[in-house]
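Produce the entire structure from the sequences given, and follow the hints as far as they go.
Each chain, written out:
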Amino acid sequence: MARRPINLFRLHFFLLLALMVSGVAEASSGRTAVLSDLKIDERVAGDVVVFGADLELGPEARIEGDAVAIGGDIRVAEGAVVTRHVVAVFGGADVPVIADIGGRVLCFSSPATLLSTSTTRGSSLQTNFSMHLLAAGGWLLVTTGLAFLFPARMRFGAWAVPSLGIKIPALGMMAGLTVFASLIAALGLGPVLGVPLVGGLMVIFFVARAVGLTVLGCWIGAMVLKRWVHHPLPISLEVFVGVLVLLAVRFLPLIGETLWTLISLIALGASIAVLGISTDLMRAEPTSANQ
Amino acid sequence: MIRGEALVATDCQTIQEMLAENGGGLERLDGAESRHLEVCPDCREVAAAEMALGLLFAKAIPPADPVVEKRVLAALRPVQIRRRIVAFLPVAASLLVALVGAVMVGGVPGSGILGLLPKFSTQGWMAFGTSVSDWSAAVATGARAAAATLDPAFLVGAGLVSIFGLVWVALTALRWRRVSLWRDDQ
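Note that the protein sequences, when read in sequence, are chains A and B. Residues in the first sequence are numbered consecutively from 1, following the numbering used here. Residues in the second sequence are numbered consecutively from 292, following the numbering used here.
FYI, nobody ran anything at the bench for these hints, they're computed from the structure. It is possible that some hints are incorrect.
To be verified - Which chain A residues face chain B? A few, computed with CB under 7 angstroms, are given here:
id, residue
1, R31
2, I70
3, G137
4, F148
5, L149
6, A181
7, S182
8, L187
9, P196
10, L237
Cβ atoms here follow ideal geometry from the backbone N, Cα and C, with glycine treated the same way.
In structure tokens form, the structure reads like this:
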């Protein structure tokens with residue numbers, strides 16, 4: 001009788017589930033939480049860390065260490081005390097001026113919103129606009145550059161998107177959760193190994209997202225341009241238009257960042273679809289035809 | 292009209308795909324498909340066109356005269372260059388957008404030009420540099436706190452999930468590698 005192969009998808013899914021459940025269970029200890037909001041309004045001896053959720057410190061909270069939220073926001077009430085730093089990575093920190101913070105308040109969400117929490121609060125509107133323009137230009141440059149350098153691979157990727165359908169966001173979601181688990185594992189190794197590992201992880205995540213955005217941009221741009229132009233266009237132009245549409249979605253007020261997160265997850269799935277394209281398949285088509 | 296129009300339309304599509312894959316050859320068609328070809332003028336037309344195209348390619352490739360080949364390629368070169376330039380225009384436009392953003396943030400090297408910029412832009416890179424150093428400080432703090440508070444078993448679990456996830460993503464990419472993009476039935 002033939003033995004069934006191990007289904008890695010199920011195994012990975014159950015491992016992720018177990019990790020989340022154990023993370024939520026750990027939240028009951030009052031010091032850490034994973035994918036579950038944590039509210040503290042008492043004395044805690046040591047650090048408080050929250051992954052993928054929000055941390056709320058009430059007026060009676062006294063944290064004798066760092067208060068850290070990775071992938072979530074921190075809200076500190078008036079009267080709360082944190083003896084060391086308040087840190088929000090990929091999230092924001094709402095800290096009142098009169099809150100008693102022993103260290104610094106450090107926030108990092110994305111390059112586009114870097115300056116909103118930095119020292120130049122007085123000119124945040126203008127500098128934010130400049131940073132948004134720089135971020136938009138950066139994404140456009142990276143994606144059109146990828147399309148210019150690897151036209152055949154990106155074109156095949158764009159063709160694969162509709163045929164693979166729902167598999168792409170599903171795979172993107174699983175890949176995103178894997179990146180998140182890797183982030184926890186890397187940080188758990190401590191600052192010496194953790195900082196370079198997280199940096200490396202972020203670079204891989206950025207590259208995968210850039211490739212995926214190029215593919216999605218090509219797909220969307222081709223659909224948009226097809227309405228007005230009926231002859232073949234350079235793939236870089238299709239990517240330019242498509243990524244402009246995605247960036248317009250990103251900079252929408254209120255829902256923009258949430259939609260951008262979803263787009264990023266789909267882009268992760270699309271990048272894996274591009275990696276999966278056989279190079280033999282691409283050699284069958286002339287590259288110049290895709291320019 | 293042929294009996295069962297909707298069914299025939301699907302058959303036509305399938306048979307025409309098979310004809311395109313086989314260069315108009317009929318040898319891979321079974322009995323029902325051959326009978327369909329006898330009664331369907333559209334499919335017969337496709338079969339004839341594919342066969343003619345196959346014959347054309349058989350005669351045209353490889354080119355008999357390398358000198359002619361070289362001349363044809365030389366004549367195509369300006370077209371290729373023009374295409375590359377047109378394809379580069381969106382990249383140049385993106386670079387321009389990024390440069391305008393950088394200039395507004397304060398990323399101009401020449402102090403003379405910098406002096407012409409509004410005051411807010413000169414603060415930009417200083418704030419940017421501060422934020423980048425803040426990022427490493429924030430991650431270091433997060434790593435120290437995570438190492439101190441998270442249960443080692445939980446961290447091992449996170450590591451296992453990462454490894455399984457990586458293997459699973461690689462296997463999925465390899466599995467998709469074998470799927471033809473224009474065929475949903477594989």
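Here's how the hints hold up against the structure:
Among the interface hints, the one on R31(A) holds; its C-beta lies about 5 angstroms from the nearest C-beta in chain B, closer than the 7 angstroms criterion. Hint status for I70(A): holds, given a least beta-carbon distance of 5 angstroms to chain B, under 7 angstroms. Interface hint status for G137(A): upheld, as the beta-carbon distance to the closest one in chain B is roughly 3 angstroms, under 7 angstroms. The restraint placing F148(A) at the interface with chain B holds, with a minimum CB-CB distance near 5 angstroms, inside the 7 angstroms limit.
Taking 7 angstroms as the C-beta cut-off, the interface hint given for L149(A) is violated, the closest approach to chain B being about 9 angstroms. Interface restraint check for A181(A): the shortest CB-CB distance to chain B comes to about 4 angstroms, inside 7 angstroms, so the restraint holds. With 7 angstroms as the threshold, the beta carbon of S182(A) comes within range of chain B, its nearest partner Cβ sitting at about 4 angstroms, so the hint holds. Interface restraint check for L187(A): the shortest CB-CB distance to chain B comes to about 4 angstroms, inside 7 angstroms, so the restraint holds.
Annotation: P196(A) was flagged as interfacial toward chain B, and the flag is violated, the nearest CB pair being 10 angstroms apart, outside 7 angstroms. Because the closest C-beta pair between L237(A) and chain B is about 5 angstroms apart, less than 7 angstroms, the hint holds.
Consistency note: the structure conflicts with the earlier hints numbered 5, 9.
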